[in-house]
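Q: Spelled out, the chains give:
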Amino acid sequence: MPYDRLDSDVSMMKEAGINVVRIAESTWSTMEPQDGVFDFSHIDRVLNAMNKAGISVIIGTPTYAVPTWLVKKYPDVLAITPKGPNQYGPRQNMDISNIHFREYAERAIRKMLEHVKNHPAIIGYQIDNETKSYGTSGPNVQSQFVAYMKERYPSLDSLNKIFGLDYWSNRINNWNDFPSVNGSINASLNAEFAKFQRSLVTEYLGWQAKIVREYKKPEQFVTQNFDFDWKGYSYGIQPEVDHFAAAKVLDIAGVDIYHPSQDKLTGAEISFGGDMARSMKGGQNYLVIETEAQGFPQWVPYPGQLRLQAFSHLASGADMVSYWHWHSIHNSAETYWKGLLSHDFQPNPTYQEAKTIGADFQKLSPHLANLKKQNQVAILFSNEALTAYNSFGPGTYNNVLRPMYDLLYNMNVGVDFVDPSSKEIEKYKLAIVPALYAAPDSLLQRLNRFVKNGGHIVYTFKSGFSDEHNKVRTTIQPGIIGEACGIRYSEFTDPGKIGLKNDPFLVGKADNYTEKWMELIEPTTAKVLAYYDHPAWGKYAAVTRNNYGKGVAIYIGCGTSTAITEKILETAIKSAGLWGKDQSLRFPLIVKSGINQQGKAVHYYFNYSAEPRTINYTYQKGIELISGGAISAQSKLTLPAWGFRIIEEQW
Amino acid sequence: MPYDRLDSDVSMMKEAGINVVRIAESTWSTMEPQDGVFDFSHIDRVLNAMNKAGISVIIGTPTYAVPTWLVKKYPDVLAITPKGPNQYGPRQNMDISNIHFREYAERAIRKMLEHVKNHPAIIGYQIDNETKSYGTSGPNVQSQFVAYMKERYPSLDSLNKIFGLDYWSNRINNWNDFPSVNGSINASLNAEFAKFQRSLVTEYLGWQAKIVREYKKPEQFVTQNFDFDWKGYSYGIQPEVDHFAAAKVLDIAGVDIYHPSQDKLTGAEISFGGDMARSMKGGQNYLVIETEAQGFPQWVPYPGQLRLQAFSHLASGADMVSYWHWHSIHNSAETYWKGLLSHDFQPNPTYQEAKTIGADFQKLSPHLANLKKQNQVAILFSNEALTAYNSFGPGTYNNVLRPMYDLLYNMNVGVDFVDPSSKEIEKYKLAIVPALYAAPDSLLQRLNRFVKNGGHIVYTFKSGFSDEHNKVRTTIQPGIIGEACGIRYSEFTDPGKIGLKNDPFLVGKADNYTEKWMELIEPTTAKVLAYYDHPAWGKYAAVTRNNYGKGVAIYIGCGTSTAITEKILETAIKSAGLWGKDQSLRFPLIVKSGINQQGKAVHYYFNYSAEPRTINYTYQKGIELISGGAISAQSKLTLPAWGFRIIEEQW
Amino acid sequence: MPYDRLDSDVSMMKEAGINVVRIAESTWSTMEPQDGVFDFSHIDRVLNAMNKAGISVIIGTPTYAVPTWLVKKYPDVLAITPKGPNQYGPRQNMDISNIHFREYAERAIRKMLEHVKNHPAIIGYQIDNETKSYGTSGPNVQSQFVAYMKERYPSLDSLNKIFGLDYWSNRINNWNDFPSVNGSINASLNAEFAKFQRSLVTEYLGWQAKIVREYKKPEQFVTQNFDFDWKGYSYGIQPEVDHFAAAKVLDIAGVDIYHPSQDKLTGAEISFGGDMARSMKGGQNYLVIETEAQGFPQWVPYPGQLRLQAFSHLASGADMVSYWHWHSIHNSAETYWKGLLSHDFQPNPTYQEAKTIGADFQKLSPHLANLKKQNQVAILFSNEALTAYNSFGPGTYNNVLRPMYDLLYNMNVGVDFVDPSSKEIEKYKLAIVPALYAAPDSLLQRLNRFVKNGGHIVYTFKSGFSDEHNKVRTTIQPGIIGEACGIRYSEFTDPGKIGLKNDPFLVGKADNYTEKWMELIEPTTAKVLAYYDHPAWGKYAAVTRNNYGKGVAIYIGCGTSTAITEKILETAIKSAGLWGKDQSLRFPLIVKSGINQQGKAVHYYFNYSAEPRTINYTYQKGIELISGGAISAQSKLTLPAWGFRIIEEQW
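Chains as they are written, first to last, in full-length UniProt numbering: chain A, 1 to 651; chain B, 1 to 651; chain C, 1 to 651.
It is worth saying that the hints were derived from the structure and are not from the lab.
You can't tell identical chains apart in this list, so a pair holds if it fits in one copy or across any two.
In silico DSS-like pairs for lysine-lysine, Cα to Cα no more than 25 Å straight-line:
{"no.": "1", "residue 1": "K516", "residue 2": "K231"}
{"no.": "2", "residue 1": "K161", "residue 2": "K73"}
{"no.": "3", "residue 1": "K497", "residue 2": "K264"}
{"no.": "4", "residue 1": "K355", "residue 2": "K539"}
{"no.": "5", "residue 1": "K73", "residue 2": "K132"}
{"no.": "6", "residue 1": "K216", "residue 2": "K111"}
{"no.": "7", "residue 1": "K161", "residue 2": "K72"}
{"no.": "8", "residue 1": "K83", "residue 2": "K72"}
Build out the structure end to end from the sequences listed, making use of the hints.
A: Here is the structure:
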């Protein structure tokens with residue numbers, strides 16, 4: 001902070017209706033300027049000011065960036081990655097399993113918690129931030145990995161066999177010979193190492209949570225700020241963290257969600273990130289720990305967009321919307337990234353719009369907080385499948401998953417996420433299963449049973465292809481799921497961009513194409529929904545549908561165009577009996593529903609476009625919460641450009 | 001192998017007519033699981049099974065990938081390259097000149113050969129695989145290189161002069177000061193180092209061959225699997241190996257040829273790789289040690305293509321067509337690469353087609369094996385010119401050579417390859433000489449004599465430019481060959497894409513262009529075939545033709561379009577009196593001929609297109625070997641889509 | 001030199017009118033082949049031959065490339081950069097602050113100077129060549145930097161505050177903990193380090209100049225060969241050297257200017273480099289130490305271009321035009337780069353044209369040398385702003401500056417360069433200030449005063465944004481200059497490519513756009529020249545003009561198209577009363593003027609196009625110097641394609 005303006009900040013926050021702030025994360029070098037010398041005055045100062053103003057505080061443990069003196073003392077604190085030893089400077093450059101890092105991090109956390117634990121302003125703790133393994137893979141990590149492997153695969157013969165290490169003479173015939181995985185070309189071993197690296201994150205967060213729980217009061221929560229696969233914005237499943245496993249040690253899930261804005265604002269990332277955050281704690285509400293205010297230059301919101309975004313978060317089940325950051329930063333790496341306030345700390349259009357959000361949140365919290373959602377559709381994702389798929393492509397796992405998610409979002413079909421550890425896959429009517437490249441027999445058999453018992457399922461290409469060790473199955477493909485899908489194939493190819501015979505999904509010439517991948521499928525019991533339009537491959541099926549037991553399995557054997565994928569999903573949703581009133585609306589008109597704390601149904605209608613729109617309101621009569629106006633059942637509803645309405649049913 | 005199925009494999013091989021398998025290559029870690037502990041049971045098992053089935057075996061020495069324990073014991077086994085020390089994992093990561101590698105490799109080879117040498121299934125040995133120097137350039141290699149230089153250039157003054165080391169203060173005034181070549185910017189020194197690295201390969205293969213010859217029986221052969229410059233497929237001259245020198249220690253040349261397929265299948269790589277393999281042992285027949293069955297996803301053959309490919313290999317003189325690999329691999333790096341069998345080991349369309357190939361080979365071997373070819377045209381390539389040209393461009397040497405090769409292939413002009421070491425350049429009527437950038441005076445004088453004595457020659461730009469040390473000649477360009485070519489130039493430029501004046505080759509507006517390079521040529525005695533169409537350079541010649549002695553030299557001074565190059569080559573072929581009946585066919589209709597063991601002429605007609613074609617058969621009456629049908633002289637011949645006919649003349 | 005031909009060279013030089021050569025630069029390994037063993041015979045030989053021929057010599061200290069033995073003895077001579085330790089081979093790979101380098105360089109310089117100092121052929125000395133810091137940033141440099149910081153910022157608390165090191169826990173709480181800047185993500189610290197690296201260059205050149213001055217005679221000069229930001233040619237402000245500071249130790253500025261040629265020859269780089277060279281010594285004439293003769297293949301000059309270029313240098317104030325290099329080099333890295341002579345040393349078209357230049361120079365020197373120029377327009381550049389701007393973009397500083405320079409060049413508006421150290425900014429009528437991202441308060445206040453006192457100024461976006469420590473200002477933007485500009489903004493964005501409302505600059509639809517950056521400007525006292533044409537941002541100003549005191553400040557808040565920028569500059573020039581007769585000509589017709597030694601006005605008219613042109617000559621009657629013909633006032637003047645006329649006024 002270039003000059004002292006705490007009082008002004010607090011007063012501007014109050015004016016904007018801000019009732020929680022998050023502090024202390026990544027301030028280790030301020031809090032412990034020298035080895036063992038602690039200074040909490042900056043924390044105390046803020047805690048006291050916030051408390052006085054009635055603003056609650058989430059305190060972050062400061063471990064996400066290490067101080068200079070620690071690296072000077074123990075250079076091994078910095079991770080060694082496949083690119084070599086890290087240099088001091090960036091955040092997230094440490095080896096989270098290093099003993100010196102752990103020793104000093106623990107002391108710093110305990111000192112801080114000891115100091116602040118009784119402060120009344122604190123409502124919760126955030127452990128670390130956007131934690132990952134950061135590619136740590138030096139000797140320290142390698143020796144842990146060898147121990148991990150030894151425990152899981154006590155027999156080297158068996159390990160060599162399962163991982164196929166004969167190939168290119170990679171056999172490990174003595175544990176002492178185990179070479180660094182950094183140079184490995186064995187995708188099975190690399191996938192296991194990636195899994196091990198994710199387990200380091202789970203273990204590390206559990207370790208921090210345990211320390212924090214020794215100090216925290218029962219009413220205070222522990223959270224983390226998970227983030228997503230980054231493609232310039234929050235894009236997909238996080239490859240480096242097993243969110244479902246890591247979230248177990250938290251009281252409440254927290255995420256950051258960053259997304260394109262202006263003409264590119266769609267709400268898809270808000271919905272995607274929210275659905276993941278809600279799902280990782282079994283349907284519980286979650287915190288949006290960070291999202292953009294002005295953000296990148298190209299993300300400065302148009303008038304109305306900041307409000308649209310904030311209420312979109314709530315509609316997915318968020319119980320907090322917190323901006324990173326309050327004011328823009330004047331030095332270092334991210335001066336281009338703008339907060340609620342610009343560098344000048346003056347009220348600006350973005351801040352002015354935030355004030356209206358604060359006011360509405362304050363007024364409507366009893367109606368909006370703790371929204372409960374009930375979805376019939378689940379997307380089954382898998383960190384193991386992601387790693388395995390990304391070893392071989394085409395493209396990336398998230399490039400298969402996200403388009404399917406987005407199409408469901410565009411159709412106003414609410415989804416939860418499940419992963420192979422989920423107990424409740426069976427409660428859904430329809431499961432979407434993109435690119436489940438690697439999976440154990442047990443999961444695939446479970447999915448077969450799911451269909452047999454009446455479930456509907458949509459698989460994409462490459463699903464079921466390899467086992468949990470990234471070993472390609474020796475059975476006819478797609479292996480175990482071939483039974484529920486009623487298909488088989490033994491060859492696959494990529495002939496470029498080709499059509500489907502006779503445009504079976506009626507998408508028109510421009511959209512009737514597949515690309516990047518095609519399996520040469522023969523139906524056993526399945527009905528063929530589409531054949532390839534190709535002189536050599538025309539006899540093979542591209543998309544199939546099979547009745548199996550009481551359920552239905554649809555299999556997409558190729559990279560379908562968005563329009564085709566949409567039609568297939570539509571077919572599946574109808575087949576599962578889930579095509580309802582909300583499906584009469586399409587993006588940019590988005591509807592999200594849930595049950596609030598009063599047990600009343602709440603419907604959010606969002607207009608993600610620059611044009612005002614009038615839609616049919618299809619639910620019971622209710623009250624539009626922002627305006628307080630009454631809404632008749634089956635009436636017309638006008639949505640302003642980049643605007644929204646929230647209707648609480650009244651009956 | 002995920003489970004034991006040797007008997008099934010052998011039986012499926014038999015069914016497909018497979019009569020040779022290649023084993024043991026890169027299995028060092030299986031054969032010697034611990035230092036000095038040998039286990040040959042997997043080799044014995046296969047040898048016995050094959051022998052029982054009447055399938056012959058080529059055994060590879062296992063040295064192409066090193067075991068974990070060896071690297072643990074002697075880390076210096078891994079090569080140090082300009083990118084730093086290699087890591088364990090990939091194949092071909094070792095320093096082939098390292099004493100520890102050599103010591104352990106020799107022991108492993110001897111142990112294996114001692115064990116298998118009397119087995120009756122073995123017909124030959126493959127030494128190592130796709131051997132190169134792999135960029136090895138650490139201190140071990142540097143000190144060998146300095147010794148090599150000291151022997152060749154005992155005087156440092158002379159070395160400094162020849163290599164131009166005064167430039168940028170690079171003089172070496174004391175052998176002890178000789179810096180690592182890795183950082184050198186001296187293209188002469190770098191070219192010499194590249195040559196030295198190629199000599200490491202020659203020496204290494206000679207060393208292995210010598211060991212193997214101590215054990216092998218007289219009727220068994222020694223081969224190697226040479227590969228080509230890789231551009232996603234087998235593209236051009238291998239920069240890292242001097243094929244003609246390295247092949248000297250072999251009994252029979254072996255190559256792998258990988259090529260695009262489906263709509264991109266042209267046969268050009270099959271022909272190119274075959275011509276090189278045949279030429280490297282002076283016209284002897286050769287083995288296709290590896291080629292694709294299904295291969296990359298985008299290479300899965302259309303129906304008929306696998307047959308087309310197999311017989312195309314024979315038509316260039318191959319005596320074996322061997323697929324890499326039998327079945328697809330379930331783990332590690334190349335699960336995407338499909339063998340004859342898919343991962344499911346079941347008969348699939350590719351395997352089914354292979355069965356017909358096996359059957360035909362069995363039936364027709366006496367007519368097809370050991371085909372002898374007589375070509376009148378040679379392409380003169382040079383490893384030295386390649387390295388030198390690639391230092392300065394434009395583009396790469398292979399990007400000059402391959403288009404010329406492909407045009408000759410398209411015109412059905414059979415070619416051999418010669419290099420500067422070839423004794424028999426003079427026996428050809430026409431020599432094509434692309435980008436002979438670096439060459440000793442003696443070679444250029446020899447080429448002048450070749451023309452004087454009646455030879456025809458086609459040079460491209462940059463030929464004759466520098467001496468064998470990559471030192472630009474101080475004479476007027478193109479130096480020595482200027483005499484035979486009847487031209488001179490002292491300036492060259494690149495004005496982008498420009499035309500030739502008045503479209504002299506009648507290729508039409510779209511094709512009448514040159515690009516990337518232009519020499520500002522003045523004829524001395526030559527006739528100008530084309531001038532540049534340019535306001536500043538219009539007085540200079542682009543392409544010339546000169547009568548010199550009894551012969552003709554054509555010089556192409558610029559980067560001509562494919563259409564222009566084709567016309568120039570056509571001119572040269574006609575001028576050399578080689579334009580014959582086969583030239584009435586053009587790609588996709590390819591004809592290849594030779595003399596079989598019965599002394600009869602055999603003509604292969606290939607249709608590299610998806611449309612059936614009818615052509616004029618222009619040779620004597622004969623028998624179509626596949627069908628057994630009689631063919632009249634000068635009759636019509638129908639070629640199915642992706643199909644072929646083989647006619648043995650009968651008279 | 002492949003063979004001895006000094007006499008021929010000298011005679012060909014004489015024939016071409018060459019009267020100065022530059023020697024010895026980067027020949028350390030020839031001059032001192034062994035540690036302490038010196039051999040000056042090659043220098044003596046050339047000095048004597050030149051002296052005999054009446055050709056003067058500039059001798060370069062040989063320190064720009066280090067000999068092998070020095071690196072062998074002291075490997076630390078090679079710089080360590082963020083990419084790791086340098087390898088031997090390239091030039092400019094040393095740590096210019098290394099004590100061993102300095103010790104040996106000093107000895108070599110002193111030995112050479114001691115040896116040559118009395119030779120009558122020498123007219124001056126060039127210290128080193130194209131000197132930069134070459135990214136040196138190893139421990140040696142780091143420790144110097146810490147000392148430098150300690151001296152400037154004795155209080156770590158203050159340093160942490162000014163540089164914002166709290167961010168991501170980067171605080172330095174003890175000087176011993178100061179981490180290597182190589183890994184730093186703190187743009188303030190990185191900018192300071194870049195400045196420190198520039199100071200190493202200044203100090204190093206000063207050190208060499210001081211040594212040389214101990215030996216040189218009063219009439220001999222000291223120069224350096226400065227170069228420019230390289231973008232395949234001399235493009236912009238050199239980021240690694242503070243030219244104005246470094247030039248202080250020289251007697252005369254020297255530069256190399258390399259530029260596209262053939263159809264891409266515009267003269268802009270000749271003018272840009274010349275204006276910088278002239279400005280760095282306060283308007284003094286300068287030497288073009290290197291420029292291309294044939295150069296890259298694509299730069300071989302069309303007939304007439306070499307002349308056009310040579311006289312263009314003179315028109316900017318050059319007193320020497322020297323080609324790099326005399327003859328083309330036969331080995332090593334740059335054989336593709338062609339000198340006046342090709343590798344064949346024969347007279348070629350380029351050399352033939354050079355002879356006419358030499359003849360004209362000889363004849364006209366009294367009229368052309370020491371041309372004095374008086375410009376009313378200055379471009380204010382800043383190395384500090386360059387580094388800071390390049391940390392954050394969009395694009396690069398030079399990509400903002402060069403287009404503005406080029407537009408002024410195209411309009412025939414002569415400019416000088418000034419930087420923040422310049423005493424004489426105030427003497428100009430119009431200051432162009434591109435992207436002055438980082439600047440101290442004092443400079444911005446000075447610029448406000450400049451306007452108040454009657455100056456005209458044109459700022460681009462991002463000017464005034466941060467202080468001299470790359471810390472964003474906490475005031476409303478654009479900070480201090482907001483007063484003179486009469487504007488304010490607190491948000492900025494990038495919506496892609498959008499128009500300006502109602503095409504205010506009348507540039508037509510295709511050109512009416514801005515892109516990459518837009519500030520959402522509100523005028524306080526300014527008149528809005530253009531609003532954004534955008535649904536959300538339409539109320540904000542894009543370009544403004546403000547009367548402030550007696551002057552005018554124009555502010556461009558966005559990335560304007562070339563056509564718009566041109567119109568704005570035209571507006572500013574007119575507003576400053578500088579729109580004159582030369583502005584009736586536009587590129588490709590370029591006019592440059594000055595006063596020669598006779599006190600007469602000289603006007604150069606250049607035609608940078610392939611078409612002859614006739615123009616109105618708007619000055620007093622005079623003599624065309626090349627032809628000697630009389631020119632009437634207000635007459636017509638014909639310029640050949642790629643030709644020029646030089647008129648000396650006579651009255």
